[in-house]
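Novice: Sequence order for the protein chains is G and U.
Residue numbers 1 to 470, in the numbering used here, belong to the letters of the first sequence in order.
Residue numbers 1 to 470, in the numbering used here, belong to the letters of the second sequence in order.
Hints listed in this document are in silico derivations from the structure and should not be mistaken for laboratory results.
Built from N, CA and C at the ideal position, the CB exists for glycine as well.
One thing to keep in mind: the hints can contain errors.
Unchecked claim - Listed next, with one range per pair, are the computed distances between beta-carbon atoms: (1) G:Gly307 <-> U:Gly303: 43 to 49 Å; (2) G:Arg181 <-> U:Gly246: 54 to 60 Å; (3) G:Gly329 <-> U:Gly125: 16 to 22 Å; (4) U:Gln432 <-> G:Lys143: 36 to 42 Å; (5) G:Asp200 <-> U:His185: 50 to 56 Å; (6) U:Gly11 <-> G:Gly307: 55 to 61 Å; (7) G:Ala49 <-> U:Glu242: 35 to 41 Å; (8) G:Arg171 <-> U:Gly303: 27 to 33 Å; (9) U:Arg240 <-> G:Arg327: 28 to 34 Å; (10) U:Arg82 <-> G:Glu53: 44 to 50 Å.
Protein chains: 2
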Amino acid sequence: MKLPKEGEAFGEWFNTVLEEAEILDKRYPVKGMNVWRPYGVRLLRAIDAVIREAVESRGYREVIFPTLIPETAFRKEEEHIRGFSSQVYWVTRGGETELDVKLVLRPTSETAMYPIFALWVKSHGDLPIKVYQIVNVFRYETKQTRPMLRVREIHFFEAHTAHESYEEAERQMLEHLETWREITHRLAIPYRIFRRPEWDKFAGAQYSLAADTILPSGRTLQIGTIHQYGQNFSRAFGIRFETREGGQDYAYQTTYGISERLLAAVIAIHGDERGMVLPPEVAPIKVVIVPIEKKGREEEVYGFCRGIKETLEREGIETVLDLRDYRPGWKYYYWELRGVPIRVEVGPAEVDSGRVVVTRRDTLRREEVPVEELVPRVRALLRDIQESLRERAWREFESKVREFEDLEGVAEHRGIAKVPWCGDDDCALAMQEETGKDLLGTPLEEEPVSGRCPVCGREAKTWAYLAKPY
Amino acid sequence: MKLPKEGEAFGEWFNTVLEEAEILDKRYPVKGMNVWRPYGVRLLRAIDAVIREAVESRGYREVIFPTLIPETAFRKEEEHIRGFSSQVYWVTRGGETELDVKLVLRPTSETAMYPIFALWVKSHGDLPIKVYQIVNVFRYETKQTRPMLRVREIHFFEAHTAHESYEEAERQMLEHLETWREITHRLAIPYRIFRRPEWDKFAGAQYSLAADTILPSGRTLQIGTIHQYGQNFSRAFGIRFETREGGQDYAYQTTYGISERLLAAVIAIHGDERGMVLPPEVAPIKVVIVPIEKKGREEEVYGFCRGIKETLEREGIETVLDLRDYRPGWKYYYWELRGVPIRVEVGPAEVDSGRVVVTRRDTLRREEVPVEELVPRVRALLRDIQESLRERAWREFESKVREFEDLEGVAEHRGIAKVPWCGDDDCALAMQEETGKDLLGTPLEEEPVSGRCPVCGREAKTWAYLAKPY
Numbered sequence: 001m002k003l004p005k006e007g008e009a010f011g012e013w014f015n016t017v018l019e020e021a022e023i024l025d026k027r028y029p030v031k032g033m034n035v036w037r038p039y040g041v042r043l044l045r046a047i048d049a050v051i052r053e054a055v056e057s058r059g060y061r062e063v064i065f066p067t068l069i070p071e072t073a074f075r076k077e078e079e080h081i082r083g084f085s086s087q088v089y090w091v092t093r094g095g096e097t098e099l100d101v102k103l104v105l106r107p108t109s110e111t112a113m114y115p116i117f118a119l120w121v122k123s124h125g126d127l128p129i130k131v132y133q134i135v136n137v138f139r140y141e142t143k144q145t146r147p148m149l150r151v152r153e154i155h156f157f158e159a160h161t162a163h164e165s166y167e168e169a170e171r172q173m174l175e176h177l178e179t180w181r182e183i184t185h186r187l188a189i190p191y192r193i194f195r196r197p198e199w200d201k202f203a204g205a206q207y208s209l210a211a212d213t214i215l216p217s218g219r220t221l222q223i224g225t226i227h228q229y230g231q232n233f234s235r236a237f238g239i240r241f242e243t244r245e246g247g248q249d250y251a252y253q254t255t256y257g258i259s260e261r262l263l264a265a266v267i268a269i270h271g272d273e274r275g276m277v278l279p280p281e282v283a284p285i286k287v288v289i290v291p292i293e294k295k296g297r298e299e300e301v302y303g304f305c306r307g308i309k310e311t312l313e314r315e316g317i318e319t320v321l322d323l324r325d326y327r328p329g330w331k332y333y334y335w336e337l338r339g340v341p342i343r344v345e346v347g348p349a350e351v352d353s354g355r356v357v358v359t360r361r362d363t364l365r366r367e368e369v370p371v372e373e374l375v376p377r378v379r380a381l382l383r384d385i386q387e388s389l390r391e392r393a394w395r396e397f398e399s400k401v402r403e404f405e406d407l408e409g410v411a412e413h414r415g416i417a418k419v420p421w422c423g424d425d426d427c428a429l430a431m432q433e434e435t436g437k438d439l440l441g442t443p444l445e446e447e448p449v450s451g452r453c454p455v456c457g458r459e460a461k462t463w464a465y466l467a468k469p470y
Numbered sequence: 001m002k003l004p005k006e007g008e009a010f011g012e013w014f015n016t017v018l019e020e021a022e023i024l025d026k027r028y029p030v031k032g033m034n035v036w037r038p039y040g041v042r043l044l045r046a047i048d049a050v051i052r053e054a055v056e057s058r059g060y061r062e063v064i065f066p067t068l069i070p071e072t073a074f075r076k077e078e079e080h081i082r083g084f085s086s087q088v089y090w091v092t093r094g095g096e097t098e099l100d101v102k103l104v105l106r107p108t109s110e111t112a113m114y115p116i117f118a119l120w121v122k123s124h125g126d127l128p129i130k131v132y133q134i135v136n137v138f139r140y141e142t143k144q145t146r147p148m149l150r151v152r153e154i155h156f157f158e159a160h161t162a163h164e165s166y167e168e169a170e171r172q173m174l175e176h177l178e179t180w181r182e183i184t185h186r187l188a189i190p191y192r193i194f195r196r197p198e199w200d201k202f203a204g205a206q207y208s209l210a211a212d213t214i215l216p217s218g219r220t221l222q223i224g225t226i227h228q229y230g231q232n233f234s235r236a237f238g239i240r241f242e243t244r245e246g247g248q249d250y251a252y253q254t255t256y257g258i259s260e261r262l263l264a265a266v267i268a269i270h271g272d273e274r275g276m277v278l279p280p281e282v283a284p285i286k287v288v289i290v291p292i293e294k295k296g297r298e299e300e301v302y303g304f305c306r307g308i309k310e311t312l313e314r315e316g317i318e319t320v321l322d323l324r325d326y327r328p329g330w331k332y333y334y335w336e337l338r339g340v341p342i343r344v345e346v347g348p349a350e351v352d353s354g355r356v357v358v359t360r361r362d363t364l365r366r367e368e369v370p371v372e373e374l375v376p377r378v379r380a381l382l383r384d385i386q387e388s389l390r391e392r393a394w395r396e397f398e399s400k401v402r403e404f405e406d407l408e409g410v411a412e413h414r415g416i417a418k419v420p421w422c423g424d425d426d427c428a429l430a431m432q433e434e435t436g437k438d439l440l441g442t443p444l445e446e447e448p449v450s451g452r453c454p455v456c457g458r459e460a461k462t463w464a465y466l467a468k469p470y
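The whole structure should be built from the sequences, with the hints applied where relevant.
Specialist: Right under this line is the structure:
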């Protein structure tokens with residue numbers, strides 16, 4: 001492929017990459033549900049592994065709760081059911097039997113987990129609970145679906161915690177943010193955390209934090225959410241415990257969610273006109289070796305390539321030697337599209353000189369490397385690619401977060417617009433109306449603010465961050 | 001725990017282990033659906049990893065197909081729908097909307113995958129397809145449910161292949177059997193492969209092979225199935241391709257399925273009255289170190305323990321150092337129940353002598369090992385435990401497969417009864433009737449047979465293998 005990625009062109013670019021790099025097949029006969037092809041699964045697993053490492057090392061433990069939730073449990077927390085009832089799938093029949101208690105396909109697992117939490121928690125000694133699962137969740141989306149960005153079956157990480165005090169739950173919120181920093185660092189994904197407006201927080205939450213990034217289209221993508229539930233759910237589900245002082249209290253809960261959108265961000269943000277550019281930390285294949293055949297010297301070249309492959313793999317560097325019967329140019333195209341960070345070319349000249357041609361995917365810069373220096377050079381290049389992707393992505397992100405004095409130009413801005421705001425909901429809703437953008441929220445940490453609210457003219461108390469989200 | 005495992009006692013033993021070793025929580029409010037607790041998830045993942053390695057190394061590639069299948073696709077293969085329609089869950093509503101096309105929760109993924117296979121396969125060059133997925137499938141079981149043995153949401157490995165000739169599909173059947181041998185070898189699970197009787201083959205298959213093992217109750221458990229579909233599904237779904245000769249043909253297909261029952265077998269077969277005994281190849285924790293505290297020397301002991309842990313982990317041996325505030329005896333019990341293969345005890349005497357006490361889980365035999373020999377000794381013990389679990393399990397299995405001359409004693413036999421059989425379905429059905437057992441099938445490879453069919457008295461042509469399956 002050779003397609004522009006920025007602005008209007010992004011949608012086509014993204015769909016073309018997903019198809020041509022054989023990540024997803026969108027032809028499954030249910031709207032909003034797609035087939036993950038082998039390379040897509042490998043990418044997904046690589047990201048799952050990064051998430052797992054970040055949370056396991058902090059003591060979160062993996063569980064698997066059932067996919068189906070009885071209606072009785074689902075209806076226990078009022079705001080939650082209001083928020084989700086229009087978008088759940090209902091299982092009403094088993095075989096030929098109408099079910100007595102209908103079941104919902106989990107849209108998220110609060111109502112599956114918390115009846116069991118209530119059994120697990122008796123005393124403060126049973127707290128904290130810190131569990132997570134990586135499962136599929138289901139949303140009957142009525143909006144337009146888009147592969148990986150808005151789908152009806154979602155690959156989903158969800159962590160759920162329960163604590164003996166609000167302060168501890170607040171500290172857990174900070175730990176979630178810390179794991180988030182670690183995960184996005186390894187994926188080289190820039191983001192900003194916002195405190196979601198009241199009318200857009202998670203159904204049942206006390207407050208919600210969300211991480212938004214910016215895709216090349218200029219639209220924002222919410223790629224992670226962290227919620228403080230306080231005692232909203234624990235009261236509804238009876239997660240009660242004996243306190244250290246011998247009294248009774250309801251647990252304080254938080255959650256943390258990440259979906260396959262994070263992979264979408266990795267593909268969208270780092271890619272270029274030739275396809276994906278994967279950060280080495282999550283590239284399932286780090287190096288591809290392409291032999292340049294010459295009649296009569298094939299075996300020599302292949303043998304040399306095999307030696308290189310063995311050397312790299314012995315060092316734990318995942319390497320593919322592409323011996324398929326295609327021309328080298330075709331193979332370059334194939335592996336560039338798939339975002340493999342480093343390509344090594346080996347022909348008879350390289351065999352003779354003992355120097356191979358190494359090309360890095362991000363800049364496409366080529367260099368000659370003596371074969372005995374290949375391992376340290378590959379290591380250095382992988383580090384360098386990782387670092388420079390991260391820097392570039394953050395630079396681009398920051399350049400798209402722009403401060404405005406009033407609403408002029410906000411509607412047209414591709415990215416996040418930062419507008420002085422008095423803090424009143426009505427003024428924010430008016431800003432949304434006038435600009436056609438949504439309020440992502442207010443900054444997590446206080447930022448110095450000056451200027452006046454463009455709606456009411458009063459002095460600004462904070463910033464409104466406005467954008468067009470997916 | 002301290003419970004007998006054999007015969008009638010098995011059910012209680014098994015449920016107690018699942019609960020006390022914190023593998024499953026059975027209190028989820030939907031019949032036949034359970035919660036996997038962290039240690040259960042680790043066991044499941046360890047078995048998944050064994051399966052993945054076996055199939056990935058043979059070129060099967062992982063995919064993920066949607067959970068929901070449109071009724072239209074589900075109804076395409078007649079026998080299949082007949083076989084499954086009484087046991088599928090139906091999604092009939094999204095939000096408040098009645099769905100135009102109802103969806104089934106996959107009971108298995110033929111009808112999800114094959115419409116897409118039809119798009120992927122155009123020419124013989126697109127074959128073979130060898131894919132697998134590890135997902136949850138759903139069966140609205142009307143029989144009594146039992147944790148891990150018969151559930152309504154099942155953790156499931158399913159491989160699907162498509163080939164250009166029947167011969168190639170037959171060779172694939174052999175490869176499935178080879179991966180099966182590798183997987184069960186690593187889990188130390190004995191089994192026998194049977195060709196399922198006509199009336200008990202997979203809905204839509206030409207023929208089915210199944211691997212059965214014997215649990216301590218004497219009942220058999222089907223832990224793996226391999227099916228030859230021929231062109232049954234490819235004709236229904238239009239998986240057509242241009243042959244090498246330029247003609248058109250339908251693909252030849254096979255599948256291969258393994259469920260969480262394999263984990264049930266590992267727990268049931270190797271366990272003893274104290275709980276689980278895990279084969280080292282799938283034990284998430286290989287060694288537990290228990291400090292024996294003595295007043296005034298705690299720090300010394302802990303330091304020594306930490307040194308051992310570091311040494312073992314540097315060698316890639318997963319080790320837990322249990323520093324919790326409990327008595328050593330309590331910790332022995334705790335880790336024995338969880339099946340950790342090796343325990344190392346360290347008290348002040350061990351610190352002084354530089355020799356630690358090592359106990360293997362399978363025989364509970366204790367020995368003293370000089371600390372500098374610990375790594376090679378642990379390695380040797382792990383190999384030895386693996387090997388001796390496998391031998392013991394096979395020995396027990398073989399002792400429970402008994403040859404009978406006629407039906408006398410078959411009903412009471414705990415295990416698999418081998419009865420001479422004329423080969424007629426009617427006689428097998430009569431044997432089932434009389435003994436209360438099911439025909440598992442006939443042996444995969446011919447076995448010398450003598451004697452007469454106990455029903456019709458004609459000379460036996462093969463063996464009927466009868467048992468009471470879960």
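Novice: Going back to the hint list, which numbers does this structure go against?
Specialist: 4
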